[in-house]
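For reference, the chains in residue letters:
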Amino acid sequence: MLAARASSRNVQRIARSFATVIDTTGVKVAAVDHNQPTSSVTVLVKAGSRFEPKEGVANALKNFAFKSTTGRSAIGTVRESELYGGVLYSTLGREHLALTAEFLREDAPYFVDVLSSFVTSAKFTRHEFEEYVAPLVASDTEAATHDPATRAIEVAHGLAFRNGLGQSLFAPEHNELTVADIKSYAASAFSKGNIAVIGTGIDPATLTGLVEKAFEKASSNSSPSAPASKYFGGETRLAGNGGPQTVFIGFGTTGAPSSELAALSAHLSPTPSVKWSKGLSPFSSLPEGTSVQPVYLPYSDATLFGLLEAGKAAVAALKAAAQGIKAEELKSAVAKAKFAAAANVDTREGLINALGSKIFGGAEASVESTLSSLDAVNAAAFSKAAASLLSAKPTYVTVGESSLPYADELGL
Amino acid sequence: MFGPLGATLAPYVQSSRTLSKWITPVAHWYANASGWRKYGFKYDDLLVEENPQVQRALGRLTPAEKFDRAYRLKRASQQSVLHAPLPQSQWTPESEDVRYLKPPVVDVMKEEAERFKWDNAIVERK
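Chains A and B are the protein sequences, given in the same order.
Just so we're aligned: 154 in the UniProt record's numbering is position 154 of the first sequence, and the numbers increase by one with no gaps anywhere.
Just so we're aligned: 75 in the UniProt record's numbering is position 75 of the second sequence, and the numbers increase by one with no gaps anywhere.
Honestly, I wouldn't trust all of these hints.
Stated by the list, open to error - DMTMM-like, lysine to aspartate or glutamate: derived pairs with alpha carbons at most 25 Å apart: (1) A:393 <-> A:408; (2) A:123 <-> B:107; (3) B:117 <-> A:131.
To be clear, the hints were calculated from the coordinates, so they are not data collected in a lab.
Predicted model only: the values in this text are computed from it and were never measured.
Build the full structure now, drawing on both the sequences and the hints.
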């Protein structure tokens with residue numbers, strides 16, 4: 001009887017896609033347990049750069065993570081986590097701020113407490129900001145200026161969406177951030193409706209229990225909101241700070257991300273599936289030493305699709321895709337996109353990304369809906385999506401020498 | 001006991017009502033007689049700053065506090081050159097003679113003590 005029960009539970013687990021979102025006292029919780037030896041818990045807050053009231057506040061809040069709280073000092077958090085053998089980190093996106101802890105299974109209560117205490121009772125002291133956080137904010141900005149691809153994509157977001165999604169992930173080099181700005185941003189962002197907790201390798205019931213207790217004291221006031229995204233587009237040229245010459249051609253759409261664009265990205269991706277092969281992408285015939293990287297960045301209400309290190313060949317390939325695509329090419333593109341979406345869920349970060357985009361919206365966060373929508377892509381819809389991309393004003397950014405081409409020279 | 005703030009009996013005196021009743025007037029007289037207020041100083045300006053804890057604490061003052069401190073130090077050294085205290089209108093009133101530097105110094109020392117505790121923690125398996 002015991003065996004029968006166990007097997008029925010397994011069947012249930014397989015049938016239940018991969019995570020059900022539970023709403024505990026206003027905080028959304030989702031957990032997946034594949035019996036891994038380690039667990040991770042991510043507190044996802046809708047406090048990305050698109051919601052920030054002042055440039056760089058979101059980045060500063062990210063770097064403030066795990067500093068002193070009323071219950072624990074910054075050094076206490078670090079040393080105690082080291083004794084438990086856990087890892088703490090925070091990452092910032094345009095939509096979400098993610099505070100993550102990775103740890104051994106039995107230490108979940110401690111790490112959930114560390115994460116929740118930052119959300120509910122961080123002190124945000126001025127000296128910590130000046131001594132620890134401000135240098136980190138500055139080094140984030142510094143690192144970004146030395147990576148042409150990051151710079152190009154940052155500027156492209158600004159051109160494409162102006163405010164909201166267009167706001168940079170990094171603080172300006174000479175900023176006037178104060179600890180009061182960060183404190184008030186945190187106070188408005190860290191409210192119950194704005195927080196979701198995602199666990200991997202942890203039993204959903206355990207996580208729900210811990211979260212319920214830990215986030216009891218979180219405030220439930222209104223959270224910051226950003227206006228709906230609008231696509232603008234434009235052209236700009238930046239001087240390079242070393243690094244490769246970079247050209248970014250981007251196109252934006254508003255509305256929920258469509259699976260046609262995911263398929264288009266897979267179609268154009270030059271990454272071969274087999275070693276020593278050049279792949280089947282339209283870019284596989286490019287000369288040695290050059291590459292084109294499709295960039296597909298879906299957000300909740302807009303998508304930025306682009307080609308990095310692009311040139312004439314990239315524009316030609318996009319135009320060809322808008323003209324029409326062969327059935328077998330579409331089939332392989334869809335298969336590639338499906339594999340990418342499914343394989344993404346295998347890794348911890350990919351799973352958190354996949355869940356994060358859905359957890360605030362609905363009750364069911366599964367990869368199946370993504371896969372089935374990719375299955376529904378047909379050749380007509382595919383070329384229509386590509387054509388509608390091309391019909392809008394492109395976002396064109398160059399980082400490097402002045403000899404890099406202008407948009408009209410590439411036929412845009 | 002030999003931290004940057006020096007040894008003090010103040011908490012003991014303050015804890016006893018009789019003692020503080022007797023000693024407080026003497027303390028006020030002594031503070032005025034010591035003469036730092038005549039040079040526009042606050043008591044914490046006299047704190048020995050040549051040690052890492054106080055240096056760190058000085059870095060944590062607000063810009064306004066840093067500016068005022070530098071101003072008091074300069075004004076007092078000018079009066080020292082003149083061998084004369086300030087005119088009485090510019091003496092530090094007792095109400096303004098607050099311990100602005102003590103709280104950050106105490107914070108720094110607490111942090112150092114905590115770091116020492118974690119550096120020397122012995123982990124035991126439960």
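Verification of the supplied hints:
Distance check on the hinted pair: residue 393 (chain A) and residue 408 (chain A) sit about 12 Å apart at the alpha-carbon level, within 25 Å; holds. Restraint check for residue 123 (chain A) and residue 107 (chain B): the C-alpha separation of about 14 Å stays at or below 25 Å, so the hint holds. For the hint pairing residue 117 (chain B) with residue 131 (chain A), the CA-to-CA distance comes to about 21 Å; that is within 25 Å, so the pair holds.
Checked against the numbered hints given earlier, the structure satisfies every one of them.
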